[in-house]
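Chain by chain, the residues:
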Amino acid sequence: MRPACVDKVFELARRDERVTYIGSDLDPPIVKRMKNEMPGRAWMEGVSEQHVVGMAAGLAMEGFIPFVHTIATFITRRCYEQVAVDCCLHNLPVRLIGNGGGLVYAPLGPTHLAIEDIAIMRALPNMTVVAVCDADEMRRFMDQTLDWPGPIYIRLAKGYDPIVSRAELGFKIGKAIAMREAAGGKSRVLLVTTGVATTRALEAAEELADEGIECTLLHMHTVKPLDTAALVEHARGCDLVVTVEEHTVVGGLGSAALDALVEHMPGAMPPVKRLGIPDDFAHKYGSQDQLMELYGLQPAGIADSVRDGLRRRAA
Amino acid sequence: MANDVALGAQHDASRQLDERSIELRRLVVRALEGGSRGHIGSSMSLIEIMRVLYDDILRFRANDPEWEGRDRCILSKGHGCIAQYVMLAEKGFFPREVLDTFCRRDSILGGHPEAGKVPGIEASTGALGHGLPIGVGRAMGLRIKRSDARVFVVTGDGEINEGSVWEAALSASKHGLSNLTWMIDYNKVQSAGPTQEILPLEPLADKLRAFGFVTDEVDGHDVGALRGLLKSLPFDPALPSAIICHTVKGKGIAFAENDAAWHHKSSINKELIGQLYDALGTN
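Just so you know, the protein sequences line up as chains U and C, in that order.
Those letters in the first sequence? Residues 1 to 315, per my numbering, in order.
Those letters in the second sequence? Residues 1 to 283, per my numbering, in order.
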């Protein structure tokens, strides 16, 4: 996903001279490639997130479309005011590429885990928040970044994640994709997912289908603006809605979905269960997969939560 | 020694403000009266900097504020915006009467300037330390476009406590942005007190030079000296320029000069407005 994203920036820059690239002491190859082929439009800046985001805003004010790339937690937390004021208040087409969203940097500990990035980016007016599920989907998404107005936060996963997206389902920023629809159209459970949690949840849905629990899976690659219409349509008549995200349960996809359901399904809202990282800093290392397992975000854990939710509903 | 810098160093307090400088300050008071509030000291120290920029240096078209060939003037110390509003009104970006609406609910003129709302404002500022990074980006963008337009960023002194300013300074010199000029309104008093007490900046010129800016210093209320220096830009064809403007907080209002208590007033009554006009009249 990361190489797909960065390669796409290069391709977009070839196609459109408004595209520029700013690294913040990360991923030098693209800067070298761009410097060779289109000198003067790519820079490797220092470890200075406040500056690079402000600089990107300045470039955007001059008509450019800057892609800024660094580690997710630093491009969101460290320079939050620059993102809010310089990018969002001015509503500029700055693209923030957050490397290693979620638990990717598990072995490096809590300073490097971007587990609240979606929440804090989503809180900003004018911001668009996108977490695709694989490299193919990243390519389809990146093609649409040229003409999307306003800033976008692009959450990258680890890279080389299994491909589960399907070209025939298309891609449109802000439009959720029903990646799995229950056989016969009778679904008991709606899974609402984003990023690589989608991949895990798809597997969980297969497992549950074998037991006769049919799930629909709505992939919310765009967490903001949230596709409320698709969410409400698919939630209608379900016994249970389960949101799954590699993110704290505070303020992310689960919160966004709850907000929308409360507002748009008064009196008819199905029970909602939010799966994610608890409201705590991670205290363990290991790998992304290990921490996802710890938090119940691997297929088996997700399936267990669905079964549990249905049991409670029946009780 | 760094800590010996006196208030108003390199500023000649004996020089009288000329009629135009007094008139511009009257317009500041007019806006303060309109809003019944405002940053008094922070605006008064900026007047000559803004005056010379708009009168003699900046290229702009008041009837076409987005004109591509314009110089970009970013007031990073957004709280001094009345000084810039006054010059924009003077130059016809909007009518003078708009100054009377300062800070009112439906006004275009807020207590900090907003781009897209106020013609001639290049960036929404107020949160400090944002102007120089934006200025670096704009200067780089202009360079890609092979434009000869220039970027002027005006910061305060308390403002440059912010680390983002120094991040941007490193980058500006790395990229050799000779189309970028950083002006510091060095009035030596920040919100809570003297800069030398709150967070000493001295030796400031040495710091700017060490960060790669060709740096000069000027009496920030000396119109002729400011004009001469700004006309000599860029100081180096391959490096960014910095100008330390030695100013006086509250300049022109004798009872407010050099006093942090006059940084901002959130309630200005008619009596005080009268005193401000009187102070200017007797200058």
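Don't read these hints as lab results, they were simulated from the structure.
Please read these numbers as outputs of a predicted model, since none were measured by experiment.
C-beta: ideal position from N, C-alpha, C; glycine also.
Mixed in with the good hints there might be a few duds.
Which chain C residues stay away from chain U? Per the calculated CB distances, all over 12 angstroms, these [said to hold, decoys possible]: (1) D18; (2) S36; (3) P119; (4) M140; (5) E162; (6) P194; (7) E217; (8) F255; (9) S267.
The list that follows gives simulated cross-link-like pairs (lysine-lysine, DSSO-like), each with its CA atoms no further than 30 angstroms apart [what the hints assert, rightly or not]: (10) K224(U) to K35(U); (11) K8(U) to K273(U); (12) K32(U) to K174(C); (13) K224(U) to K158(U); (14) K207(C) to K91(C); (15) K8(U) to K32(U); (16) K270(C) to K231(C); (17) K145(C) to K117(C); (18) K32(U) to K145(C); (19) K172(U) to K224(U); (20) K8(U) to K145(C); (21) K174(C) to K8(U); (22) K270(C) to K174(C); (23) K284(U) to K172(U); (24) K175(U) to K32(U); (25) K265(C) to K35(U); (26) K145(C) to K224(U); (27) K284(U) to K175(U); (28) K158(U) to K175(U); (29) K172(U) to K158(U); (30) K91(C) to K35(U).
Cross-check of the supplied hints:
At roughly 35 angstroms from the closest C-beta of chain U, the C-beta of D18(C) stays outside 12 angstroms, upholding its exclusion from the interface. Distance check on S36(C): its Cβ is at least 26 angstroms (rounded) from any Cβ of chain U, clearing the 12 angstroms threshold; non-interface status holds. With a minimum CB-CB distance of about 15 angstroms to chain U, P119(C) clears the 12 angstroms threshold, and the non-interface call stands. At the 12 angstroms boundary, the C-beta of M140(C) falls inside the reach of chain U, the nearest C-beta of that chain being 6 angstroms off.
Separation of E162(C) from chain U is inadequate, the least Cβ-Cβ distance of about 8 angstroms not exceeding the 12 angstroms criterion. Remark: the non-interface label on P194(C) is consistent with the geometry, its nearest Cβ contact in chain U lying 26 angstroms away (cut-off 12 angstroms). The claim that E217(C) is not at the interface with chain U holds, since no C-beta of that chain comes within 12 angstroms of its own (minimum 25 angstroms). Its beta-carbon lying about 35 angstroms from the closest one in chain U, F255(C) satisfies the requirement of being farther than 12 angstroms from that chain.
Separation of S267(C) from chain U is adequate, the least Cβ-Cβ distance of about 27 angstroms exceeding the 12 angstroms criterion. Note on K224(U) and K35(U): the hinted pairing is violated, with a Cα-Cα distance of about 33 angstroms set against a maximum of 30 angstroms. Restraint check: the Cα-Cα separation between K8(U) and K273(U) comes to about 36 angstroms, which exceeds 30 angstroms; the hinted pair is violated. Annotation: proposed proximity of K32(U) to K174(C) holds, straight-line Cα distance about 17 angstroms (limit 30 angstroms).
Annotation: proposed proximity of K224(U) to K158(U) holds, straight-line Cα distance about 21 angstroms (limit 30 angstroms). Between the alpha carbons of K207(C) and K91(C) the distance comes to roughly 35 angstroms, so the proposed pair goes past 30 angstroms and is violated. Between K8(U) and K32(U), the direct Cα distance comes to roughly 15 angstroms. Compliance with the 30 angstroms bound is thereby established for this hinted pair. This hinted pair does not check out: K270(C) and K231(C) have alpha carbons roughly 40 angstroms apart, beyond 30 angstroms.
About 26 angstroms separates the Cα atoms of K145(C) and K117(C), which keeps this hinted pair within 30 angstroms; it holds. Pair hint K32(U) plus K145(C) holds up; C-alpha atoms about 21 angstroms apart against a cutoff of 30 angstroms. With a C-alpha separation of about 13 angstroms, the suggested pairing of K172(U) with K224(U) holds against the 30 angstroms cut-off. About 23 angstroms separates the Cα atoms of K8(U) and K145(C), which keeps this hinted pair within 30 angstroms; it holds.
At roughly 28 angstroms between alpha-carbon atoms, K174(C) and K8(U) fall within 30 angstroms of each other, so this suggested pair holds. For the proposed pair K270(C) and K174(C), the alpha carbon gap of about 51 angstroms is over 30 angstroms, so the pair is violated. Of the pairs offered as hints, the one joining K284(U) and K172(U) is violated, with about 37 angstroms between alpha carbons and a cut-off of 30 angstroms exceeded. Of the supplied pair hints, the one linking K175(U) and K32(U) is violated, its CA atoms being roughly 35 angstroms apart against a limit of 30 angstroms.
Straight-line distance between C-alpha atoms of K265(C) and K35(U) comes to about 51 angstroms, which puts the hinted pair past the 30 angstroms bound. In summary, the hint linking K145(C) to K224(U) is not supported, as the alpha carbons are separated by about 33 angstroms, beyond the 30 angstroms threshold. Between K284(U) and K175(U) the CA atoms are separated by roughly 35 angstroms; this puts the pair beyond 30 angstroms, and the hint is violated. About 24 angstroms separates the Cα atoms of K158(U) and K175(U), which keeps this hinted pair within 30 angstroms; it holds.
With a C-alpha separation of about 23 angstroms, the suggested pairing of K172(U) with K158(U) holds against the 30 angstroms cut-off. A C-alpha spacing of about 42 angstroms is found between K91(C) and K35(U), which places the hinted pair above 30 angstroms, so the restraint is violated.
In the structure shown, a violation is registered for the earlier hints numbered 4, 5, 10, 11, 14, 16, 22, 23, 24, 25, 26, 27 and 30, in ascending order.
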